[in-house]
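Let the sequences and hints guide you as you build the complete structure.
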Amino acid sequence: MIPKDPAMLLSFVNLKLRDYYGSLKALCEDLNVEEQEIVEKLDSINYRYDEERNQFV
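Each residue of the sequence shown is one higher than the last, beginning at 67 in our numbering.
In silico BS3-like pairs for lysine-lysine, Cα to Cα no more than 25 Å straight-line:
{"no.": "1", "residue 1": "Lys82", "residue 2": "Lys107"}
{"no.": "2", "residue 1": "Lys70", "residue 2": "Lys107"}
{"no.": "3", "residue 1": "Lys82", "residue 2": "Lys70"}
{"no.": "4", "residue 1": "Lys91", "residue 2": "Lys107"}
{"no.": "5", "residue 1": "Lys91", "residue 2": "Lys70"}
Ranges of calculated distance between the beta carbons of each label pair, as one might list FRET restraints:
{"no.": "6", "residue 1": "Glu118", "residue 2": "Lys70", "range": "27 to 33 Å"}
{"no.": "7", "residue 1": "Glu101", "residue 2": "Asp71", "range": "15 to 21 Å"}
{"no.": "8", "residue 1": "Pro69", "residue 2": "Val123", "range": "17 to 23 Å"}
{"no.": "9", "residue 1": "Ala73", "residue 2": "Leu97", "range": "16 to 22 Å"}
{"no.": "10", "residue 1": "Glu117", "residue 2": "Leu97", "range": "14 to 20 Å"}
Keep in mind that the hints were calculated from the coordinates and are not lab data.
This one's a predicted model, so the numbers in the text were calculated from it and none came from an experiment.
Yeah, the Cβ is synthetic: ideal placement off N, Cα and C, and Gly gets one too.
Structure (structure tokens):
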């Protein structure tokens with residue numbers, strides 16, 4: 067359901083966070099994915115979740 071490529075995942079997740087979800091937790095619950103899986107995959111390309119901005123930066 068979510069992209070496997072980290073760069074595509076970054077774009078997908080940030081779009082969803084911007085347009086549909088108030089938090090990473092809400093996105094993960096709704097899409098039924100592990101938050102840690104997303105965090106680790108995006109960490110591999112040096113992106114971290116910023117709660118205040120509600121996006122990976």
